[in-house]
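Taken in sequence, the protein lines are chains A and B. Numbered per our numbering, the first sequence finishes at 84, counting up by one with no gaps. Numbered per our numbering, the second sequence finishes at 136, counting up by one with no gaps.
There may be inaccurate statements among the hints.
Here are the computed lysine to aspartate or glutamate pairs in the EDC-like style, where the Cα-Cα straight-line distance is at most 16 Å [unchecked claim]:
no.: 1; chain 1: B; residue 1: Lys54; chain 2: B; residue 2: Glu84
no.: 2; chain 1: B; residue 1: Lys118; chain 2: A; residue 2: Glu47
no.: 3; chain 1: B; residue 1: Lys74; chain 2: B; residue 2: Asp43
no.: 4; chain 1: A; residue 1: Lys25; chain 2: A; residue 2: Asp(-8)
no.: 5; chain 1: A; residue 1: Lys30; chain 2: A; residue 2: Glu47
no.: 6; chain 1: A; residue 1: Lys30; chain 2: A; residue 2: Glu82
no.: 7; chain 1: B; residue 1: Lys54; chain 2: B; residue 2: Asp22
no.: 8; chain 1: A; residue 1: Lys79; chain 2: B; residue 2: Glu(-1)
no.: 9; chain 1: A; residue 1: Lys71; chain 2: B; residue 2: Glu119
no.: 10; chain 1: B; residue 1: Lys55; chain 2: B; residue 2: Asp22
no.: 11; chain 1: B; residue 1: Lys17; chain 2: B; residue 2: Glu30
no.: 12; chain 1: B; residue 1: Lys62; chain 2: B; residue 2: Glu91
no.: 13; chain 1: A; residue 1: Lys79; chain 2: A; residue 2: Glu47
no.: 14; chain 1: A; residue 1: Lys30; chain 2: A; residue 2: Glu62
no.: 15; chain 1: B; residue 1: Lys55; chain 2: B; residue 2: Glu84
no.: 16; chain 1: A; residue 1: Lys(-14); chain 2: B; residue 2: Glu119
no.: 17; chain 1: B; residue 1: Lys74; chain 2: B; residue 2: Asp106
no.: 18; chain 1: A; residue 1: Lys71; chain 2: A; residue 2: Glu51
no.: 19; chain 1: A; residue 1: Lys(-14); chain 2: B; residue 2: Glu30
no.: 20; chain 1: A; residue 1: Lys77; chain 2: A; residue 2: Glu51
no.: 21; chain 1: B; residue 1: Lys17; chain 2: A; residue 2: Glu82
no.: 22; chain 1: A; residue 1: Lys(-14); chain 2: B; residue 2: Glu65
no.: 23; chain 1: A; residue 1: Lys25; chain 2: B; residue 2: Asp123
no.: 24; chain 1: A; residue 1: Lys25; chain 2: B; residue 2: Asp124
no.: 25; chain 1: A; residue 1: Lys25; chain 2: A; residue 2: Glu47
no.: 26; chain 1: A; residue 1: Lys30; chain 2: B; residue 2: Asp22
no.: 27; chain 1: A; residue 1: Lys79; chain 2: A; residue 2: Glu51
no.: 28; chain 1: B; residue 1: Lys121; chain 2: A; residue 2: Glu82
Don't read these hints as lab results, they were simulated from the structure.
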Amino acid sequence: MISKLMTMPDAVRLVLNGQMLAVGGNALHRTPAAFCQELAMLKRTHLKGVGAAPGFAMDVLCAAESMNEVYFGFFGFENEYGLAPGMRKGIQSGKIKAIEGS
Amino acid sequence: MGVGGMWGSDLIAQRPEFFQIMKSPFSDEEVVTVKALQPDWAIIHVQEADQYGNARIIGSDFQDILLSRAAKKTIITTEKLIETESFRQEPKLTSIPYFLVEAVVLAPEGAKPGICYPTYNSVDASGMAAYGQAIKEGKLDDYLARVTGWEGVK
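Extracted from the complex, chain A is given alone in its bound form (with noise of 0.2 Å):
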């Protein structure tokens, strides 16, 4: 078996312009915050996120303008926090096309 370990910056550079994430995690519970803020800072664009309930990591991709498209059943950081602010302007501003299936 090969060692798959990687650097982070590796790692996201592995995700190209309009490619699908299903982004794990729920709400603001173990989701890969990490790597998504890594991610933002590439400025990829035309991302698909898909998750049941995202929360915080593929909200920084929305709030970073690098998904246009995300399919979930609730999107949000719940409690106290509330919505997902990042995904709430790209939807209202039109940017980031939002399929609820829930």
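Let chain A serve as the given structure and place chain B on it in line with the hints.
Below, chain B without anything else, positioned relative to chain A:
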């Protein structure tokens, strides 16, 4: 693919691009079918993984195991790197097997400012406030440079 549990939902009529009703090939019964998405990547943060991509989620896995199966390839970020022997000893605790995985990144505190049970169990309020403020002021790049340590140079 066929799904149960959609009968009675307005989504069947509202989203014909995703939901269609078909006759079962095995009987006269009608079944709801849903268009499957095939993500290029599943991006999953876990508590423990080895260098080959075997990954273990502790606590709720939400939909992450399904996401890893649906996607073409998975990228794992992990709180801790552990020995492969640990996966051999407890094979039923492997959430995502190595052959689904393209890359493993060691990322301690990789879910912050959110929670990663059982290592950090409460939301980092100041981190969340900094993120919220950055979005409000349109200064996301400054925030990203700070949290990634890139400072915009790479």
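* To do: Go through the numbered hints given earlier and state which of them the structure violates, listing their numbers in rising order.
  => 11, 14, 16, 17, 28
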